[in-house]
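If you're matching them up, the sequences are chains A and B in order.
So in this note's numbering, the last spot in the first sequence is 219, and the numbers never skip.
So in this note's numbering, the last spot in the second sequence is 1676, and the numbers never skip.
Among the clues, some could well be false.
[Said to hold, decoys possible] Calculated from the model, a selection of chain B residues having no Cβ within reach of chain A, i.e. all distances over 12 Å: (1) L1138; (2) S1145; (3) R1469.
[What the hints assert, rightly or not] To give an idea of the interface, some chain A residues facing chain B are shown, with a C-beta separation under 8 Å as derived from the structure: (4) L9; (5) Y114; (6) M145.
FYI, nobody ran anything at the bench for these hints, they're computed from the structure.
Even glycine gets a Cβ: it sits at the ideal position worked out from N, Cα and C.
Here is how the chains run, residue by residue.
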Amino acid sequence: MSSEWIPSLVHFFGMMLLVASFGIIAAPQIMASVRAYAVHSFLLAVITVLVALAGHVEHLLISAALTVVLKTVVIPRVFSKMIHRLGVRREVESYANVPFLLLISVLLLFVSFYVTSGLRGLEPVFSKEFVSIAIFTVFFGMLVMISVKKAMTQVLGLLLIENGLFLLGITMTFGMPLLVELGISFDVLVAVFIMGIFMLKIRGAFEGIDIDDLTELKG
Amino acid sequence: MGKLVLAQFLFYVLGGLAGFLRRKNPEHSNRIACVSALAAGVSGMFYSAGILLSGKGIALSFRGGVPLCGAVFLEVDALSAFFIFLISFLSVPVSIFALGYNREYFGKKNVPLLGLFYNFFLLSMVLVTMARNIFVFLTAWEIMSLVSYFLVVTEHENPKARRAGLLYFVMTHAGTAFIAGAFWLLFSASGALAFDAFRAHAAMLSPGLKNVVFFCALVGFGTKAGMIPFHIWLPEAHPEAPSPISALMSGAMIKTAIYALLRFIFFFLGPVYFWWGAVLLGFGIFSVLVGILYALMEKDLKRLLAFSSIENIGIILLGIGMGVVLISSRQPIFALFAVAAALYHALNHAAFKGLLFLGAGSVLSGTHTRNIEELGGLIKKMPWTAACFLTGSAAISALPPLNGFVSEWMTLLALFSGVDCEGFGIRFFSVVLASLLGLAGALAATCFVKAFGIAFLGLPRSPRAECAREGSRSMKIGMITLALSCFGLGLAAPVIVPILGKLSGELTTEISGNIPLIHGSFLVFPGGWSQISLPWVFGVMAVSLSVIAAAMTVFAGRVSVKTGPSWDCGMRGLTPRMQYSGTGYSKPIRRIFSFLYQPSRKVEVEDEGYSVLRTAKHFESGIRPLFEETIYRPMAKFALYFSEKAKRIQTGHIQIYLGYIFVTLLALLLFTRVSS
């Protein structure tokens, strides 16, 4: 396999990753954003594979396989089960409308490129743009958590942040040691389950998973 | 020696925990806790006395060291040994007393937990004096504060105790903030965490930094010591704790602040400045006068004792302050005498205030009230308690031959020694301060005449006082031990003063030679114009008393006693409520010092149609809590106002909080980008 076309392919998938991110926030329904997340994670796995091939780091392949299994298959499935059990199929409710959020996302993209451009000491082993994209993904995850009302989508935001950190790991150091990555993947899975249980409890207590209801807990 | 130190630690830790083994049986678990504290106290007395006598300290070294602390972080030098002696000495009778006193709590409170706190409280005080490292010191200091907080709120079902606990908690942590600030400044100047490094670095500190560190230490430790105006927690918290704990808090805990202040002033801050002494003297005399004046107005026996603790802390501060002034006036020998007086008074105060608090505890457990207006006639019901309380009252009023007299005499002489210095201010103020201290002594005597007279003499003023019972045997033993030690500490002055002189010489001067402070059984002031011998005074008093007694029996023969009704001025139906009351007794003082008390009275009158036949229905009188209203209430108001404003950012929306984090992160990243 010639390694000249790998960087351009990676760049292509990087762009797709951004599009998938936007898809999460632009999706009309919760299930659609979960699907967008699955696509996002799948693209992440593809990028990981490409990086592994280009840099000849075979253990990244295992990480990629894990990502595919966990984040594109298991977690979306857990989500869809949860949505069925909780009976929320309504559309995504957010504090701001979608065009505005997209505008902010674009702004965040600029910011993340700006902040990463001048930082010295950042020496990515792979393509430099991916640092910015990873930071953007983290920002974007936070934006999702802030702007959306349903607890379900907040979990998605958290998972997005995790994806961003994963990407940063790959581009900066060819991924973390395998053991750490295994641990992180497992943590993410457990976190999703725990948050699922929480959401059931929250719904039991407040008859809804609207986070606004949590303000009642304030003293 | 080192083994005894470890034995003391072990007794405290194991004794505190072992109580839980007999959780079901409070009697046993209390006995375990108290006896182990007793054993620990005895071993503490042994090694600290040994160190004081030999002058050789011990450093406990831990092989391999501990993170942040190094290998040697606990050490007992002469100064530590003195305060460990004080704590251990007081803890022995208090533990004996607690054996009986804690019966009160059987079945109502978690007795093993009380025992755990009790032992850990003592342990933390000992550790505070041993710590040789910021980290260890602050940890021990905080444990001491927390454990004593839990002890204050032992009776947490009482809202007053909870309020007192909260006040104590807030004040002590505000104080700790200042202490941590002082340590932080020292750390950033010397770059080390160990106390030895501070001492080595003391001469290199800049004057401005030294002043700031002194200020922080004074406020921080002053809060713990109960120095006015940082005292407000003390009269609330000390009375609410169980009586043995009150005795320890007043007798020992506030002395740890004095210990730390001494270490800061003389060890960490190198050559002292004149104005520090002036500030200490100012706070000292202020605490002395205001403390005793508020004590006079108190009708709650334990609150009265707590205010009197403030007075005694003031006397100790006067000694230290005069020491600092005299050092900077180049009178090292007088300075040595002044600091020795302060140390002696700290020890004496532990003895007699411990005794008085135990006495108050005995009264409390016998009558279940602390209000002296409800007491009276207890001398017949509780003779042992009365005798011990009288001894304590005499000692605290500085009557010879008791211990309070010796240290107040020394403090007075130290204050007078200012007249030998150069400079008008110091000569003028030394006389003024000495006379004010004299005034405070007289007021203290008035105060304790009131406390003893109203509580123990006369007729019972309430059914509670009528049904009073003497405490159990262990309570009596605890009190008698302390009462005897009040005599002992006074009579043993010729033995104690040279030891204290040596210790205070280490603090104040580099003179290692012997300063003659005693001559035979006489205590000699180094200035030469005064000397006294307590054993002689005691002997003369004893001889003359027995001569008078003998003369009485010889010349007056047998005195026949007739018992009859009191003369009632023809108005029949005298009741115990018509007796002289404590409020009435202190009325002249209230009139004289009305600028401080700002007394208020409220009389509701009912006249039943005839203006001549007025019958007062309701009478209320009180004094205005000046410091609370002028300093602390406005501060609390401001804090509340500020937090009300700050509450706006706390919406309760999780998204808003995430947004705060997000915006902060973005702002920081942009900031680093722009600035690079």
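Now the hints, each set against the structure:
With a cut of 12 Å on Cβ distances, L1138/B stays outside the contact zone with chain A, its closest approach being about 31 Å. For S1145/B, the condition that its CB be more than 12 Å from all CB atoms of chain A holds, with the nearest at approximately 26 Å. The non-interface label for R1469/B is consistent with chain A: the shortest C-beta to C-beta separation is roughly 47 Å, beyond 12 Å. Annotation: L9/A was flagged as interfacial toward chain B, and the flag is violated, the nearest CB pair being 30 Å apart, outside 8 Å.
For Y114/A, the suggested interface contact is upheld, since its CB lies about 6 Å from the closest CB of chain B, less than 8 Å. With a least beta-carbon distance of about 5 Å to chain B, the hint placing M145/A at the interface is held under the 8 Å criterion.
Of the numbered hints listed earlier, the single one contradicted by the structure is hint 4.
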